[in-house]
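These protein sequence lines map, in sequence, to chains A, B, C, D, E and F. Numbered according to UniProt numbering, the first sequence spans residues 1 to 220. Numbered according to UniProt numbering, the second sequence spans residues 1 to 220. Numbered according to UniProt numbering, the third sequence spans residues 1 to 220. Numbered according to UniProt numbering, the fourth sequence spans residues 1 to 220. Numbered according to UniProt numbering, the fifth sequence spans residues 1 to 220. Numbered according to UniProt numbering, the sixth sequence spans residues 1 to 220.
To be clear, the hints were calculated from the coordinates, so they are not data collected in a lab. Take the hints with a grain of salt, since some may be wrong.
Unchecked claim - Below, computed lysine to any residue pairings styled on SDA-like, alpha-carbon distance capped at 20 angstroms:
(1) K206/F with V179/F
(2) K206/D with N211/C
(3) K206/C with P191/C
(4) K217/F with S58/F
(5) K206/D with L215/C
(6) K214/C with N190/C
(7) K217/E with G73/E
(8) K140/F with N55/A
(9) K206/B with Q203/A
(10) K206/E with N190/E
(11) K214/D with A199/C
(12) K206/C with N102/D
(13) K163/C with E34/C
(14) K140/D with P192/D
(15) K214/A with F137/B
(16) K140/F with P191/E
(17) K217/D with Q71/D
(18) K140/F with G61/A
(19) K140/E with N55/F
(20) K217/F with Q203/E
(21) K206/A with A199/B
(22) K217/F with P191/E
(23) K140/F with T124/F
(24) K163/D with N75/D
(25) K206/E with N55/F
(26) K163/E with K206/E
(27) K140/D with S60/E
(28) K217/D with P192/D
(29) K140/B with P191/A
(30) K206/C with P192/D
(31) K140/A with L215/F
(32) K140/A with A162/A
(33) K217/A with A199/B
(34) K140/B with N194/A
(35) K206/A with I32/B
(36) K163/F with P191/F
(37) K206/F with G73/E
(38) K206/C with K206/D
(39) K163/E with N194/E
Since the model is a prediction, treat every value here as computed from it, not as a measurement.
Here is what each chain is made of, one letter per residue.
Number of protein chains: 6
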Amino acid sequence: MKAFHFLALLALAFSLASAYDPSPLQDFCVAIPEPKNAVFVNGKFCKNPNLTVANDFSFSGLNIPANTQNQVGSNVTLLNVDRIPGLNTLGISLARIDYAPNGGLNPPHTHPRATEILVVVEGTLYVGFVTSNPNRFISKVLYPGDVFVFPIGLIHFQFNIAKTHAVAFAGLSSQNPGVITISNAIFGPNPPINPDVLAKAFQLDKNVVENLQKLFKNNA
Amino acid sequence: MKAFHFLALLALAFSLASAYDPSPLQDFCVAIPEPKNAVFVNGKFCKNPNLTVANDFSFSGLNIPANTQNQVGSNVTLLNVDRIPGLNTLGISLARIDYAPNGGLNPPHTHPRATEILVVVEGTLYVGFVTSNPNRFISKVLYPGDVFVFPIGLIHFQFNIAKTHAVAFAGLSSQNPGVITISNAIFGPNPPINPDVLAKAFQLDKNVVENLQKLFKNNA
Amino acid sequence: MKAFHFLALLALAFSLASAYDPSPLQDFCVAIPEPKNAVFVNGKFCKNPNLTVANDFSFSGLNIPANTQNQVGSNVTLLNVDRIPGLNTLGISLARIDYAPNGGLNPPHTHPRATEILVVVEGTLYVGFVTSNPNRFISKVLYPGDVFVFPIGLIHFQFNIAKTHAVAFAGLSSQNPGVITISNAIFGPNPPINPDVLAKAFQLDKNVVENLQKLFKNNA
Amino acid sequence: MKAFHFLALLALAFSLASAYDPSPLQDFCVAIPEPKNAVFVNGKFCKNPNLTVANDFSFSGLNIPANTQNQVGSNVTLLNVDRIPGLNTLGISLARIDYAPNGGLNPPHTHPRATEILVVVEGTLYVGFVTSNPNRFISKVLYPGDVFVFPIGLIHFQFNIAKTHAVAFAGLSSQNPGVITISNAIFGPNPPINPDVLAKAFQLDKNVVENLQKLFKNNA
Amino acid sequence: MKAFHFLALLALAFSLASAYDPSPLQDFCVAIPEPKNAVFVNGKFCKNPNLTVANDFSFSGLNIPANTQNQVGSNVTLLNVDRIPGLNTLGISLARIDYAPNGGLNPPHTHPRATEILVVVEGTLYVGFVTSNPNRFISKVLYPGDVFVFPIGLIHFQFNIAKTHAVAFAGLSSQNPGVITISNAIFGPNPPINPDVLAKAFQLDKNVVENLQKLFKNNA
Amino acid sequence: MKAFHFLALLALAFSLASAYDPSPLQDFCVAIPEPKNAVFVNGKFCKNPNLTVANDFSFSGLNIPANTQNQVGSNVTLLNVDRIPGLNTLGISLARIDYAPNGGLNPPHTHPRATEILVVVEGTLYVGFVTSNPNRFISKVLYPGDVFVFPIGLIHFQFNIAKTHAVAFAGLSSQNPGVITISNAIFGPNPPINPDVLAKAFQLDKNVVENLQKLFKNNA
């Protein structure tokens with residue numbers, strides 16, 4: 001019983017971790033890790049500010065190319081509040097994106113909580129976003145040193161149209177931008193959406209939809 | 001020349017109309033209409049508060065069923081700041097949604113700037129939304145008097161699964177929620193997205209993509 | 001002692017529940033119930049997002065007329081974050097309002113944290129709000145399908161001027177709008193306000209004030 | 001016609017003045033005066049930042065006692081953005097309040113857009129506020145050097161219970177807090193509220209209501 | 001072991017105190033004290049609203065002159081959320097500032113989270129602030145009853161240029177404005193900044209920097 | 001006169017340009033250039049959204065090393081809303097920073113409106129920031145691929161401690177972060193701060209202060 005008490009106490013102590021809050025009400029509020037079965041808040045619980053150290057605000061390794069050998073040929077390393085706890089409450093995050101040669105694609109997606117500003121470090125990218133109603137497509141081909149902005153909530157993508165690897169860095173206006181990859185969210189969620197809905201929405205045969213649902217089942 | 005002056009002046013005078021702002025800094029800030037070729041602001045320009053009248057805050061006709069004879073079998077009447085100018089700066093809007101019997105669908109879409117709370121007034125709706133990463137699908141069948149919440153920025157839909165017309169009212173947490181209908185934004189924007197991007201993203205043959213682009217060309 | 005430990009631990013574990021926060025920093029943050037004698041936060045504590053279910057976002061029964069046999073002849077069913085925990089952090093709520101025939105009144109009140117947009121479903125309502133300094137009264141008679149906006153923080157009311165029951169739905173721009181019914185807050189709080197203050201403020205005889213304080217004592 | 005052009009042009013040029021916006025997006029945004037019949041924005045239009053001078057951020061005379069010979073025996077000198085244009089976008093204002101001896105009253109009112117923090121400089125004040133639902137009354141007697149907080153949107157007042165003049169300073173958390181004096185807004189707006197509504201809401205005879213409406217007609 | 005349990009439990013119970021949140025989502029959210037080694041949130045944890053009392057919103061003693069016999073000859077009594085727990089979530093605080101005769105100085109500093117509005121009650125102050133890029137200096141001499149605004153985040157100071165004591169009150173637009181005294185933050189932090197950095201930044205000899213670092217070591 | 005009319009009209013038309021607003025109330029609000037002597041708003045005026053083009057959201061040349069031959073040996077290329085008009089309302093910007101070998105310094109400064117997240121692309125940087133009261137100094141040496149966060153409003157710097165050129169990219173959480181370089185703002189503003197204030201604040205001889213004021217006069 002005592003042991004149970006002690007573990008429960010620890011579980012509770014740690015359970016207060018995790019939930020990242022809006023604009024800062026102190027210099028910073030460094031997130032602490034969240035255990036399972038815990039209570040949460042809007043944003044993250046924080047550690048005692050007097051105990052913060054430089055490593056709470058840092059991360060190493062963004063110079064290392066990520067593996068792009070996957071279905072879409074791209075890899076996003078997102079340093080959000082889960083990776084740099086010091087970002088909690090501060091409204092920004094940073095990503096490195098690697099694109100395989102000849103068609104590496106960061107597929108159409110939205111960030112529900114962030115605008116993105118991207119700088120191409122290496123390679124050639126065809127990028128664009130679609131406005132809400134009406135749906136205009138605004139696109140451009142980017143070369144090294146070129147910068148592009150993807151406004152919050154709009155569907156956007158980057159596509160490597162050259163024969164060489166491409167790399168970009170991106171700033172995002174939230175410590176937890178979120179990402180909704182359209183193909184995965186539509187055809188791959190768990191449990192799946194009723195295929196009649198998708199067949200009607202996308203004017204596809206129901207068996208085409210069901211085939212797509214099999215293909216995307218493991219991506220979501 | 002004088003005539004030009006005068007028209008330009010009028011154009012300018014009216015051009016100050018239109019742009020809806022964030023949280024209110026006065027009791028209200030009733031939007032004024034925006035002409036073409038004008039300057040805009042974040043939100044809308046407003047009329048003199050002393051000149052506001054009750055009609056600036058009202059709208060009539062939400063009791064009238066809307067026509068659902070279209071591709072998806074649904075019709076959304078959204079009373080945002082463009083329809084009720086008094087909503088400017090106030091962070092809310094209201095919609096009536098009509099669904100045709102036997103499969104009327106308000107197809108998968110996001111509101112980039114609003115959460116939606118919906119109450120079913122008539123009929124039976126299968127509704128749901130998909131979380132961001134990972135993609136969980138949260139759904140329910142709703143009957144008259146049932147209420148459901150669709151969180152800001154997430155893909156959601158409503159589908160009429162009964163043999164009768166359905167009607168719902170919905171509150172949205174913005175005076176300009178925006179709507180991104182996924183099928184239209186992906187396959188129908190103007191100009192179209194390079195089909196290679198969509199073929200790779202959705203694991204579809206390029207000719208299937210091009211066919212969808214023809215089908216959705218007029219919807220966007 | 002052990003038993004005390006365990007109960008205290010449980011009390012604490014549950015006490016973390018309850019406090020709803022501002023704009024969302026994740027897809028959603030479903031509120032958990034709050035026990036007595038607990039700590040609170042700005043907004044509500046939340047459950048593990050992986051454990052959320054459709055019922056966290058829904059409510060049933062808004063099709064049922066509420067009892068209007070009370071002093072003012074009206075009844076507000078407000079679905080705020082206390083009724084639909086999934087509304088936490090999402091900035092919206094929904095109400096159904098029933099009005100008795102011949103004078104059912106939703107009496108003058110303010111929502112300190114929300115603008116309201118109301119649609120009349122049934123009946124005839126005389127509605128209005130008063131601006132802050134100077135005090136203009138903006139009013140209108142509404143019929144089924146008519147919509148009206150009551151800006152945040154301003155005193156407003158709805159009054160059934162027909163011989164039939166009336167029903168309205170309303171969206172409010174907060175998950176916890178709050179309501180301050182003027183008559184109750186002025187004449188009915190616990191403990192009561194010094195009647196000299198109210199006599200001077202409202203230019204009433206002190207005994208009239210004291211009589212009103214008796215009448216409103218049970219309403220607050 | 002030319003003259004009309006020119007005047008219209010000037011009117012327009014000046015009409016862009018006036019509308020105070022939310023949190024600052026530059027060091028400051030000093031408000032410029034607004035003419036009649038102009039367009040407005042959320043907040044105020046601003047002058048060129050390079051032309052700002054120290055006087056845009058200052059005001060003189062808050063050491064002078066204000067006249068309290070009026071119905072309620074108090075006088076509020078509010079330095080909001082209309083008095084100090086440099087306050088635009090900065091979210092704060094300052095007031096001096098004078099209270100006549102023996103019952104000078106700053107009557108029950110709300111600030112829809114600000115919390116107030118008050119320090120008594122001279123005299124003795126009975127102060128309090130009422131919470132929203134349920135209506136608790138929280139009050140205290142204050143002496144020189146005492147400070148009290150009135151949370152945003154709640155009904156509050158200050159009452160001079162001593163035989164001497166009283167003075168207080170107050171900070172308010174908005175450049176345009178707004179004020180709704182309950183008695184004036186209920187009984188004095190222009191045009192008046194239907195007395196049947198007020199009689200029912202306040203459980204008063206209709207002729208008492210109509211009498212109050214006469215008394216408060218000139219205050220609103 | 002039991003004793004340890006109990007103390008740990010208590011420590012945890014109290015540790016939930018402390019973290020002040022942004023705009024209020026309820027009438028108020030009175031902060032509770034924070035122990036060492038605890039979890040924190042953005043803002044402060046709060047007490048049960050039903051247990052709040054008038055003293056949670058008040059403070060006494062701002063009429064008492066503070067001791068100005070220190071290096072700079074000034075003393076700031078800041079009533080932030082740490083001094084008045086009821087200020088939590090409400091976005092305002094209040095300060096009294098005392099200045100010694102003949103050069104009492106509230107030295108150049110910034111408030112990272114608040115604009116300040118100051119009223120001179122007694123004495124003569126030379127005050128000013130510096131804009132961001134480019135650096136303009138905006139200043140004025142203030143006498144009793146004069147008011148001045150210091151915009152959020154900008155470097156500002158007040159300097160007593162008369163032979164008498166001076167006193168001012170100031171409202172600040174945050175419950176936790178923060179203060180960064182430039183001299184202390186540059187020359188006095190713990191541990192110290194590498195003197196090579198400061199020598200280069202301020203074009204000072206390294207030994208002058210090191211001497212300043214000794215002088216300011218105890219101030220930070 | 002006509003010519004004057006026309007020019008004035010044009011001046012006015014363009015004068016509406018420029019003022020960037022807070023969180024977006026539409027997909028985007030692309031800033032338009034601001035002329036002299038014009039009216040401004042909080043943020044920037046915007047162009048017609050239908051006329052936006054890809055170039056409104058892009059910038060070229062961030063791959064080009066900037067000239068670091070200046071007093072401090074560093075150069076910041078900040079892409080804020082003045083450089084990429086599409087950033088208006090979107091709350092983010094991007095910078096490239098070049099550092100000369102052997103002591104290139106981005107000197108101690110604050111961003112009053114942004115947190116910064118920096119990634120080192122090339123070289124070795126000693127970086128740090130100072131907390132507000134009390135003043136703790138949090139620092140680290142960064143190598144290529146290392147990332148560091150500088151919280152909003154706090155004094156921070158980067159210093160090249162290697163024999164080679166260094167380069168970093170940084171995201172900032174505002175479209176107009178602002179920068180206050182401490183040395184310039186203290187010793188270099190126009191007009192200068194009274195040297196008595198600075199001598200007392202920094203415990204320096206007045207002639208040392210006056211010498212620094214000469215040195216920094218042209219930097220502000």
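Unsatisfied constraints (hint numbers, rising)
Of the numbered hints, 1, 4, 13, 14, 19, 22, 25, 26, 30, 31, 35, 36, 39 do not hold.
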